[in-house]
Amino acid sequence: MTQEPAADRDRDEDQDPSTDPQDGSGSGSQAGSTTMGQSVSFAFNLGKIENQGEDSDPILREGRDLALVAVFDGMGGAGGTVYETPDGPRTGAYLASRVARDVVERRMMQLLDPEWHLDGPRTAADLHNVVTDALNERLADLQAPPSGLRSRLLRALPTTMALLALQRREPGGPDWYCHILWAGDSRAYVLEPDSGIRQLTLDDIRDEGDAMANLRQDSVVSNAMSADTAFEIHHRRIGLTAPFLVMAATDGCFGYVRSPMHFEELVLSTMRDAADTESWSAAVQARVAGVTGDDAAMAVLGLGADHNGFQQLFAERSRAVVETWIGPLDALADEVGHSERALEAARSAHAAGSADLWGSYKQVYEHHLTQQQASNEEQVTP
Amino acid sequence: MTISGDTSPSDAGATPIEPPVEMPEVTPSTLAPPTPDSATTPANPAAAPSDPGAAATGADLTPAEPDAVQTSLDPGTAAPPPAALVPVATGLSYSVDIVFCIDVTGSMSPIIDAVKTNAMRFYDDVQTNLTDKGKNVDELRVRVIAFRDFAADGEAALEESDFFTLPDHQAHFSTFVSGLTAQGGGDAPESGLEAVALAMNSSWTMRGDRRRQVIVVWTDQAAQPLGSSAVPPSIGARVPADFSALTDLWEDTQGPLGSSSKRLILFAPDGPGWSDISGVWENVVHHPSQAGGGLSEVDYGTIVDSIGNSV
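Taken in order, these protein sequences are the chains called V and R. Mind the numbering: the first sequence is residues 1 to 382 in our numbering, read in order. Mind the numbering: the second sequence is residues 383 to 693 in our numbering, read in order.
Read the hints as simulated data drawn from the structure, not as lab findings. Please read all numbers here as calculations on a predicted model, not as lab measurements. Just to be clear, a hint being listed does not mean it is correct.
[As the list claims (entries may be wrong)] Not the full set, but computed from the structure, chain R residues with beta-carbon under 10 Å of chain V: (1) Tyr476; (2) Ser491; (3) Ile493; (4) Gln509; (5) Leu512; (6) Glu521; (7) Val559; (8) Leu562; (9) Ser626; (10) Ser643; (11) Leu648; (12) Gly661; (13) Leu677; (14) Val680; (15) Asp681.
Ideal Cβ placement from N, Cα and C applies to all residues, glycine included.
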């Protein structure tokens, strides 16, 4: 995927959410249990191999007028080098996501202030500096012997980041500034009742393609935070009006489903069927664990409604996603499956039938050959 | 498959707010004053930091409640999917093709058995790396291209197998590898680039949602330049005319290799051919050595990780 020009990346800057017809602000009246002070949240970190998960635990902090949500995915392919640490051997990917998480959380806690607007580009530059310093320091501490490998695929302590920093625009009001900062292919999303899920981060990957194509391409990450390779932290800002949900997720959450629509269905149907937020979290984890081939970390924060309120707000969208996209897509996939199984059965039947028919034909067809062979055998028999 | 969380206390997802430790001062330039459109926004006393003297801002933030960062997921205790749920789609499937290019000239005699052992181990380690993280390996195939030097050995400079599907054809693969003998080759260099070209033009699988197309080279010599007149026409037709064309074939996004799925692993000495590749081509991991001699376990693990995991 090519890099979006800076001007385009920031095209939502200063957009007034009250003028955005798709900002979902008109949906608040659909639910009786929505107030500006209500919220829901959960986060999880699923490691595929016990105690070796390369995603860090997410950041999930909420205040009256501020919120912070982030995930970090240590890159196991580029950062598979194992280092000896006091906690035992750890991959560079494992260490990187944790170092970055800790330093970014501390820095953002310093920078976020309810009475000051965050300067996004300067924050991105600031985070770049503190993460670089922290990763370099950690790498130096490891005192690892030099690698004998040469490759541009490999990086020292590589990790992705997808972060959302929210600031309420006016005390007690429904409007928020949402700063998104990221590097790599972890993603930030917003979910609004009318428009459903929308991706806020542009994947830093080498191949061109959209979210659907990226599921199959498994593309090489073109930009990620690391100790030995130059990187960039992107920033954009959008306006949001509560009620809404924001979400940060590593690719273990969204990268192994059949389509981006299936990911939205996963999030919304589990919310729809859960009695409370804790059950929702458990159901999302179970669904992700059922399909993923990677570690998976995710943080979700909903502002402006409670669990029941969000269920009501997203009921129609949840139904529409299944009816409009998931149902037809799954029906097509089922048809392909049936056809493949029928083709396999037909091939087996063809192979068996060919053998049978050739057997019945062969006796006459090879009559003279078998006669000749028998004659030859008689001649050589002493 | 066990899904478990990170239980390291230092990794708790939503730790209580604590004073920043050893952090640089907040630079005023990072915080902008209220922008004109919000200049009239009244101060929000309720949102002021609880400790007016605290240098750090962000004190308005507390761990989200309920803080449900899960430190473990026991599949047995996870809520069963309600009947109304749309059936869970199965995860994406992986197909893995590996081509081993093995130098079988006489100079490889002292190490050919070790290379054979490494080849037999390599595909298994790649598969384990994938499946350990729950990736669904739908198909695993390997093939072998044994090479010598066309200038010295003529037609005998090449022994190729078709793809063996594993584990079904494990015995055939083992038999082919075991039958390789290190002999011939004349003087260095060898026809390694021709072998790489033939590997790149393999009949790669089209199955699976995601693919890995891996070429592994073991050699103890530099590579002959492409374009030798000694290459038989039947093989020459499958080999680019020069190194530039070979590079184009590797980098061609519309070519036989997927830009994300391809990997080239070189266990080869520094020198013409191999150093040119590792200095220019994408998706290459080069261990400069005599056919992998001196490879540490750490570096070996790094190589396998670079194939099994996203990069």
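For each hint, the structure was consulted:
For Tyr476/R, the shortest C-beta to C-beta distance to chain V is roughly 8 Å, which falls under 10 Å, so the interface hint holds. A least Cβ separation of about 24 Å between Ser491/R and chain V goes past the 10 Å threshold, and the interface hint is therefore violated. At a threshold of 10 Å, the smallest CB-CB gap from Ile493/R to chain V is about 17 Å, leaving the interface hint violated. The interface hint given for Gln509/R is broken, as the beta carbon of that residue sits about 13 Å from the closest beta carbon of chain V, more than 10 Å.
Annotation: Leu512/R was flagged as interfacial toward chain V, and the flag holds, the nearest CB pair being 8 Å apart, inside 10 Å. Nearest Cβ of chain V to the Cβ of Glu521/R: about 14 Å, over the 10 Å cut. The hint is violated. Hint status for Val559/R relative to chain V: violated, with the closest Cβ pair at about 25 Å, above 10 Å. The restraint placing Leu562/R at the interface with chain V is violated, with a minimum CB-CB distance near 26 Å, outside the 10 Å limit.
Here the hint on Ser626/R is broken, as its CB sits about 20 Å from the closest CB of chain V, past 10 Å. The beta carbon of Ser643/R is positioned within 10 Å of a beta carbon in chain V (closest approach about 7 Å), and the interface hint is therefore held. The restraint placing Leu648/R at the interface with chain V holds, with a minimum CB-CB distance near 9 Å, inside the 10 Å limit. Proximity of Gly661/R to chain V holds as hinted, the smallest CB-CB distance being about 8 Å (cut-off 10 Å).
Restraint check, Leu677/R versus chain V: the minimum CB separation of about 7 Å is within 10 Å; hint holds. Given the 10 Å rule on beta carbons, the hint for Val680/R holds: about 5 Å separates it from the nearest Cβ of chain V. Because the closest C-beta pair between Asp681/R and chain V is about 5 Å apart, less than 10 Å, the hint holds.
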